[in-house]
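As they're listed, the protein sequences go chains U and H. Going by my numbering, the first residue of the first sequence is number 260, and it counts up by one from there. Going by my numbering, the first residue of the second sequence is number 238, and it counts up by one from there.
There's no promise every hint is true.
Within a straight-line C-alpha distance of at most 27 Å, the following computed DSS-like cross-link-like pairs (lysine-lysine) qualify [what the hints assert, rightly or not]:
(1) H:LYS508 - U:LYS457
(2) U:LYS449 - H:LYS376
(3) U:LYS321 - U:LYS488
(4) H:LYS346 - H:LYS276
(5) U:LYS348 - U:LYS288
(6) H:LYS259 - U:LYS505
(7) H:LYS509 - H:LYS488
(8) U:LYS449 - H:LYS483
(9) U:LYS505 - H:LYS510
(10) H:LYS268 - U:LYS457
(11) H:LYS483 - H:LYS278
No lab work stands behind these hints, which were simulated from the structure alone.
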Amino acid sequence: MALLEIENLVVEFETASGPFRAVNGVSMKVHEGEVLAIVGESGSGKSVSMLAAMGLLPWTAKVTADKLTFNGRDLLSMSANERRKIIGKEIAMIFQEPVASLNPCFTVGFQIEEVLRMHLGLDRAARRKRAIELFEAVGIADPAERLGSYPHQMSGGQCQRVMIAIAIACNPKLLIADEPTTALDVTIQKQILDLLMKLQADYGMGLIMITHNMGVVAETADRVVVQYKGRKMEEADVLTLFENPKSNYTRALLAALPDNATGDRLPTISELFVDDQIEGAAR
Amino acid sequence: MSVILEARNIVRDYHVPGSFLKKAKTVHAVKGVSFSVEKGKTLAIVGESGCGKSTLGRILTLIDPATSGDLLIEGKKIDIAKGDLTPEMRRKVQIVFQNPYGSLNPRQKIGDILTEPLVINTKTPADERRDRAMTLLKKVGLEEKHYNRYPHMFSGGQRQRIAIARALMLNPKLLVLDEPVSALDLSVQAQVLNLLADLQDEFQLTYVFISHDLSVVRYIADEVMVMYFGEAVEYGSRDEVFADPKHSYTKTLFAATPRADVESIRARLAKKKAA
C-alpha cells in the first residue's frame with residue numbers, strides 16, 4: 260500500500276482577479292522506503308501541493324482532491340486536531356530556508372525538545388538525551404554544547420542539520436524536503452544530501468524531495484514527477500527520465516542544463532517547448 | 238591580445254576593532270591573489286561562501302581598496318585608497334550583483350535606474366541618456382514600454398536583465414558578474430547566460446564571473462581560478478582545471494557537484510541495489 264496517495268489534487272487561491280489555480284489535477288503516490296523527487300520551476304506548484312497534503316495552507320486556499328490519504332487515512336476529512344497528531348510526527352517537513360524557518364528567539368535545543376514534548380510526551384531528562392542522540396545522528400559536533408545555541412550562532416549548513424534533526428525526531432514514516440539545499444554551497448549540499456540519503460535508508464522512510472536542481476534529482480531520486488504550471492507533465496523512474504524523457508517539457512528542461520551544452524549557446528525552454536495547449540486547457 | 242585587467246598580489250585585510258572584553262583582530266579575506274584577463278575573455282572565480290571571492294569582486298569593481306598589491310586596468314595602475322579615481326576610470330568597470338531583488342531601488346522607475354550612472358559619471362544631456370537607455374533595454378531583451386515601470390513589476394530574470402543593462406550604460410570594458418544566475422530558475426538561467434554570451438560577442442566585453450556553480454562555470458569560462466580561504470589554490474585555462482585538478486580542495490569541489498548524466502545515475506542505482 261502506498262504511504263501517501265494523491266489523486267487529482269486541485270488548489271485554488273482567491274485573488275482580486277478571480278480564482279488562481281496553483282495546482283491543477285496532480286496525482287502521485289509515495290511508497291515506504293522510496294525517494295520521490297518533484298521537479299519544476301518556481302510557480303509550478305510543487306511546494307503548494309505538498310503543503311496542501313499536510314494541511315498547512317492558509318484558509319484562503321481551496322483544496323479539493325478525489326483522494327488524499329496517508330497510510331490509508333483520509334487527510335481531507337480529518338479534523339484539525341487529528342491532523343496535528345500526524346503532522347510533525349508521522350509526516351515531517353524540512354523547509355527551504357533553514358535560517359528563516361527556525362525561531363530566532365529560542366535555543367535550538369528548546370525547539371527540538373518542543374517536538375519531543377508535544378508528540379512523544381517525554382520527560383525532561385529523556386528529551387535531553389534524545390535531543391543529543393538526534394544531533395549526533397545528523398552530525399553536529401559537540402551536541403550537548405550546541406543544544407544551548409541560538410540559530411544565529413550557527414552556520415546555514417548547521418541550521419539545516421538542526422531542521423533535519425527536528426524533522427526526524429519522531430521517526431516519521433514520510434519526510435518531505437522542500438529544496439533542502441538551495442541556499443547552501445556545493446560542498447555543504449553534498450554533505451546534507453548524503454545525510455538525508457543515509458537517514459532515509461537507515462529508517463526506511465518515504466522521502467519526497469522538492470527541487471529545481473536536476474543534479475540533485477539525479478543524485479537522490481528513485482522516481483521523479485515533473486511539474487509545470489500546476490500540472491504534472493511526466494512521471495517516470497529516474498533513469499528513464501534522464502535517458503528517454505517522454506514529455507517535451509522534460510526534454511527542454513534537460514537540454515537547458517549547462518552540463519549538456521553542445522554549442523556555444525544554451526537552448527532555452529521557450530524555444531523548445533510551446534505551452535499553448537496547456538494554457539488553453541487551464542482556462 | 239591585450240590584457241584588460243591585471244592583478245598583482247592583491248591583499249585585503251579587515252580589521253575588527255576590539256572592545257572592553259574582546260581583543261582586536263585582523264581578518265585576512267584575500268591573501269595575495271594574482272591573475273590577468275585578456276580582452277573578450279571570461280575569467281571565472283570559484284569558491285565557497287566566505288572564501289573571499291566577493292571581496293575580490295568589490296576590489297576589482299573599485300568599490301573597496303585593496304590593502305596592498307597592484308591593480309592595473311588597461312595597463313594603468315589604479316589605487317582608490319589614494320583617491321586618484323577619475324570618472325573615466327570608473328566607467329571602465331561595472332558590476333552585476335547576485336540578487337536582482339535587492340540591487341534595484343524599488344522606488345525608482347526603470348528609466349531612472351538605467352540613466353543614473355550617466356547622470357553621475359558623465360555630462361550626457363537628458364534626451365541622449367533616454368535614447369541610450371531605450372537602446373539597451375531592447376538589447377537585453379526588454380521593450381521600450383518597460384521604461385516607466387517599477388522593479389516590482391518584473392520577474393527575477395527580467396530584473397537581472399535590467400541590472401545587466403544598467404551595468405552596460407557606461408560602455409564598460411570589464412564586467413564583474415557576482416553570481417548573476419544563482420537566484421534564477423534553470424530555464425531563466427539559460428536565457429541570461431545566452432544574453433551574456435551575445436553581449437560579450439557584440440561589445441567585446443571582458444567578464445569576471447564569480448560563481449560556485451561548476452556546471453555554469455564550465456559552460457561560460459575561458460579561464461578558471463579556484464579560491465579557498467582567501468588564496469588562489471588553482472588557476473589555469475578551463476580545460477586544464479576541469480581535466481586535471483591539482484589542489485585537493487578543487488577535487489573535493491568537483492566530487493561534491495551533483496552529476497546529471499545517465500552513467501552516474503546508473504552507477505548510483507547499482508550501488509544502492511548492492512547495499
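Do the hints match the structure? See the list:
1. H:LYS508 - U:LYS457: The given pair, whose Cα atoms are some 13 Å apart, holds under the 27 Å limit.
2. U:LYS449 - H:LYS376: violated, 38 Å
3. U:LYS321 - U:LYS488: With Cα atoms ~17 Å apart, LYS321 (chain U) and LYS488 (chain U) stay inside 27 Å; holds.
4. H:LYS346 - H:LYS276: violated, 33 Å
5. U:LYS348 - U:LYS288: holds, 20 Å
6. H:LYS259 - U:LYS505: Distance of about 62 Å is beyond 27 Å: violated.
7. H:LYS509 - H:LYS488: holds, 24 Å
8. U:LYS449 - H:LYS483: At roughly 21 Å apart (the allowed maximum being 27 Å), LYS483 (chain H) and LYS449 (chain U) satisfy the hint.
9. U:LYS505 - H:LYS510: Answer holds: LYS505 (chain U) to LYS510 (chain H) is near 26 Å, not above 27 Å.
10. H:LYS268 - U:LYS457: violated, 38 Å
11. H:LYS483 - H:LYS278: holds, 23 Å
This entry does not satisfy hints 2, 4, 6 and 10, going by the numbered hints stated previously.
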